[in-house]
Structures are given as structure tokens and as C-alpha cells.
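Asker: Residue numbers (numbering that gives the first Met the number 0), protein chains in the order written: chain F, 0 to 249; chain W, 0 to 394.
Calculated directly from the structure, the hints in this document are not laboratory data.
Computed from a prediction, not measured in an experiment: that's the story for all the values here.
Each statement offered as a hint is correct.
Residues from chain W shown here face chain F by an in silico Cβ test under 7 Å; the list is partial: (1) Lys3; (2) Glu18; (3) Glu19; (4) Ala22; (5) Ile23; (6) Thr26; (7) Trp30; (8) Leu59; (9) Gly60; (10) Ala73.
Cut-off 27 Å, straight-line C-alpha distance, at most; resulting in silico cross-link-like pairs (DSS-like, lysine-lysine): (11) W/Lys118 with F/Lys189; (12) W/Lys3 with F/Lys217; (13) F/Lys31 with W/Lys3.
From chain W, some residues computed to sit far from chain F (all C-beta separations above 10 Å): (14) Glu41; (15) Thr137; (16) Gly142; (17) Gln226; (18) Ala275; (19) Gln277.
Ideal Cβ placement from N, Cα and C applies to all residues, glycine included.
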Amino acid sequence: MKIAVCIKRVPDSETRVKIATDGKSLDEAGVKFVLNPYDEFAVEEALRRKEQAGSGEVVVVCLGPAAAQETIRTALAMGADRGVLLQADKIPTDPFESAKVIAAELKGSSWDLVLFGRMAIDDYHHQVGPLVAELVDLPCVSAVSHVEIAGTTGVAEREIEGGIEVVDFSLPAVLTTDKGLNEPRYPALKGIMAAKKKPLDVKPVQLGRGALEIVALKPPPERKEGKIVGEGPAAVGELVRLLREEAKVL
Amino acid sequence: MAAKFQGVDFYQVDGLLSEEERAIRDTVREWVDDNLIPIIGEAYVAGKFPKQLIPGMAELGLFGANLPEAYGCAGLNNIAYGLIMQELERGDSGVRSFASVQGALVMYPIYTFGSEDQKKNWLPQMASGKVIGCFGLTEPDYGSNPAAMITVAKETKDGWVLNGAKMWITNGSTAQAAIIWAKTGALDQPDSIRGFIVPTDSKGFSAKDQKGKLSLRASDTSELVLQDVHVPKDAILPKSGGLKSPLMCLTAARYGIAWGAVGAAMACYDEAVSYAKQRVMFGKPIGGFQLQQARLADMLTEITKAQLLCVQLGRLKDEGKSTPQQVSLAKRNNVSMATDVAREARRLLGANGILAEYQALRHLANLESVYTYEGTHDIHTLILGQEITGLNAFN
Ligand SMILES: Cc1cc2nc3c(=O)[nH]c(=O)nc-3n(C[C@H](O)[C@H](O)[C@H](O)COP(=O)(O)OP(=O)(O)OC[C@H]3O[C@@H](n4cnc5c(N)ncnc54)[C@H](O)[C@@H]3O)c2cc1C
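Please model the complete structure; the sequences and the hints are all you need to start from.
Answerer: Structure follows, in C-alpha cells:
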């Protein structure tokens, strides 16, 4: 099994992000960056597929700044075999531009599977995986929460509103991974040390400007403090009254 | 639910760490958040070591992590090892103690004083958590003065016979193998102290948990009795000799404790800061009052100093330049510091601070054990006093 996993370096969801003085980007000072959590499912799935097959190669591909080497090494520490950094200082907002350079890289080899996280938790676009699939001309199943593969065909499940959609697909294919697919492993400490010695290719890339532009970033409005009406059954009457008269939701 | 721990790093100490060292710290940090923190309060109240954590710790490679890969260990440097101890103790001193004993007090002596066969036989099994070890030095009547121990090992034609009792032995009832220190000569000959690897299922060996502990409750502490315990010739650690050998183990473990204490202090500080910002009294968050700010400022200052001490000590150790006295200084300072931080955090939390749901009192109670074991605070004072003046004040 030869598997490519496309990963992204994103701010840790636990860090408090600040908007930079330009009003349209994040101030990266003091921000901790991590491997996008949805990509962790993709890395884990690739490792399991390879382990199951007994042989193969897991290659992680990352479009990002030089510092994203650290992100790649997280995946290498988990067990991926080698990494490719498509190095660009600034990643444009338009997912299509990212998809083009990633697709160009993937076209250089043949893959049994190409995995992405369902989305990156920084921009929530959900687009790069399916766009790349289109560009490299492979079938794509997005937001996969369960998958079975036998030979050159597979069955994937995706959670949709009120149910589960079951999709048959043929390999090679592009899958984007969702929560529930697996439980990503912790990199073993030995793996972290070994990651340093695994090959990591750095390839500078040029990206187009794309058709999207961020005009402004704003933090969500502060939530108003809640009100405790009372406790237990005695409070129900008052709660209903407030929901009806103040909140006007009943 | 408290927010995920973000670390305490006021002086960019992270910048003194390599990428791998940080990655190791972050991995253990996450593991502790996911697996240890959610269960520790209950384990503590129940007075049980959370055994279910052993396989996960082994899989990560936390046992004997600074010993070579050739024996199934992670082969990390001492900074990375220290960071592991820091994160484990951020969870709980008892769990860190478990790892300290396994790594620094059991695997380290086998690695340092053992034969090649002993190393090959025991170390991989211990790294993988299949065999748990304990370290028996302290005796009921000989704590700070282990040179006076009365446990003895007599050579027979096919091995050794051990007799004696050990007290306060961490992991004692869990262990499959005990490193027992005993005199092979007369009782007034501390030079005759040697280490033995004793399987705990040997005839005549018994371990009984010590009941009624109000500290380090999530750790097993046992009394060991050895009554005519026969072990084969190859049970002796061939390169051990004199009290110096167990003291070398203690230096290895104390090094980890110096880091561990910082972890406990960071946990308490972190909890105190978030509580101070949230708890409103007299119409404003208590963190807005000068008295609480002074508490927090003191905590942060002391933690920062202790962090820097650890990093420098670790670098010295990696270069082979650290001395046991430097380790004493760090253990003494950091554990005492952490105890103070835990106490102040506990007080800042008001009544909530006495609950197992919060961390401060558990850490405080734990740290009282850490203050006492591995050389009491006083004993480290005497070690430093002797180093400074050249005069022995022990006896
Ligand atoms: C939870 C826990 C786990 C432990 N785990 C282990 C273990 O795994 N293996 C092991 O071998 N031991 C273990 N110990 C034992 C520990 O190392 C001893 O308790 C410690 O060495 C102190 O000995 P003691 O309790 O007999 O105190 P003592 O030596 O009796 O000391 C009592 C007091 O006198 C002070 N004192 C002693 N001598 C002097 C002096 N010369 N000058 C001034 N003051 C002095 C001490 O500082 C202390 O305050 C553990 C202890 C605890 C509490």
C-alpha cells in the first residue's frame, strides 16, 4: 500500500488567537501550532492500512512555512515513512491554490490511497481534499467515519444529517477523514527520536493569489453572562415565563 | 471542565529545549491530560495506584527512557527524561514515583551494576512494563542512615540467602522483581553492601501494603520481609559495591524528582490562576485583590527559577558534568518550592481547595512524601553543608 497523507499545520485550538494589527490575519506570536486534528485521523488510518498490508509506504505531504517541518515530524514520529514539505511562506486564502500545488506534487507518483483530514481547524474550508481529487482525477469520499478496504475496492461510511451514507469506491481513491474513524496513536518517544532521521524533502513552491481575499477578521461577539433562574422543579415556571416573555423563543 | 494545560513558561524556557525535547514533553503532556488527570482524583481517594496506566506508559516508552535503545528503552537524553518526570508529576507524584522507581531505582542499577545477561534479561521486560520493579533500601530502623542497615546476604555454595526487612517500599506489592540492598559482610561494614535482584515470588519473600497513608495515596508503599530467601548466584549485581551504589541510584532518581516537583507546582499554579480569575467575591474576581496577586506572583517566580535550575542541571548531566551535590540542591529547592506553591494554591482556592476534584491539596499531601523520600530536605541541607564547608554534620 502506498499512501499519501496531506496534512496541515494549524494553531492549537486551545491557544487564544489574536488578530494582527492588519485586521485580517492572525498574530502568530506565542501561538502554538499543531498537526491539524482531523489530519491525525488520516495519518492513523494510513499507518493502520500499511500495518495491515504488511508492507508499503506512508508519505506525508504538507503545504506550509518552514516551521511546518515540525508538523511533518509529528506524523513521522507517529510512524509515517517520509515527508515532503511544499514550502511557501504564505498560504493564500483560496483553497483552490493550495489544491493545485498539492495535486502537482501527488501527480509525480502513483498512490493506492490519498488521505486528507475532513477540514483544517483554522479556516474550516472542507475543500482541499475534494479539489485535489478532482485535479488528480481520482474518486473521492469526504468526511469518512468508517472504512473497509479489500483489494482494489472499498466501502466508506459518512455521517450525514440524520443517518449514515454508505459509499462504494474503487482504489486508488482520495478519502477525507472524520472523527470516529479511529483513535490516533500517541507518537512513542522512540518514534519522536527516529523522526529526526527520516527523510524530509523540502520543495519551494509558488502559489497563485487565488480568487478569494480576506477583508477583515473579527472575534465573535462576547457572550452575555448567563442567568440562573433557580434550581429544581420550583424554577420551571419562572424559566418558562422568561423564555416566553424575555427571550421570546416559546 | 478546566481548559487544557498550556504550560507555565514565563521566561521562554521552551527556547532552551530542542524540537525533539519539546515534542516529547508535549506528547507526555497530552497523554497525562487524556489518561491520568481524569482518573487520578478517584484513584487517590480510593488509595490505589492506577495500574491500568502501566501499558500506556510502557507503550510511550516512559520507563527507563534515558537508557539505551539496545535494551528496549527510548535512549533519550536527560532533559527529555526530566520533562517526562515533570509531566507525570503534573498529574500526580504517585504516578511519577512509579516511573521513577521503575526507571531510576530498578532499571538504572541493573544497567549500571548488572551483568550483560542481567541487562538483556530484565531491561526489555521492564521497559515494556511486563515486569515491575521496586527498590528496597530503607529499613524500619534505618531511614536517613542506610549505611547502618541490618538486612544481610550470606553466600552459600549455590547462591545467596537474604534476611531482613525493608520499609516504605514504593511498588513493593506490585513488583515482580525487587532490588534489595543487603550487607554481605559484618554489620559494621557498609562497604559490604551489595544489590540483589530478588523475584518477589521467591519463597520467604513477602510484601504488605502500608495502610493509613494520607499522602501519595495513588501509589503502593509496602513493607517487605525477607526470611531465608534463597536466590541463585547470578542474582547479585556484580558491579555493585558499598553504599555508593544505592546512593548513585538515588542521585539518578532525585534528578527526576527535581523536574517532577516543577510539574506539580505548575499544576497548582495553573489551577490557582484560573480559579483566581473566575471566583468572584466582594464583587470582583479574587485575582483582582493584591493578596492573591502576591501569592500568584510568588508562585510564578519560584516556578521559573526552578525551571531554569532543571534545564541547566540537565545539560550538565548530559555533558557528564553534574555532581550529586548539584542534584541535592535541585531536589531540595524544587520540592520545597513545590510544597509551598501547592499550599498557597490550596489556600487560594478556599473551601474548594480541600476537595479531590481540585488538585492542590492532593499535590500538597503528595509533596510531603517527596519532601521526605530520596533524602529528606534536611539531609540534602547537610549534603550541601558538607560540600560548602568540608565538614560533616551528619553524625
Ligand atoms: C511514600 C514513601 C515512599 C518511599 N519509597 C521508598 C522506596 O521505594 N525505597 C526505599 O528504600 N525507601 C523509600 N522511602 C523511604 C524514605 O527514603 C525514607 O523515609 C527517608 O529516607 C527518611 O527516613 P525515615 O523516614 O526513617 O526518617 P528518619 O531518618 O528517621 O528522619 C526523621 C527526621 O529526622 C531528620 N534527620 C535524620 N537524620 C538527621 C541528621 N543527621 N541531622 C538532622 N536531621 C536528621 C530527618 O530529616 C527527618 O526530619 C519512601 C518513603 C515514603 C514516605
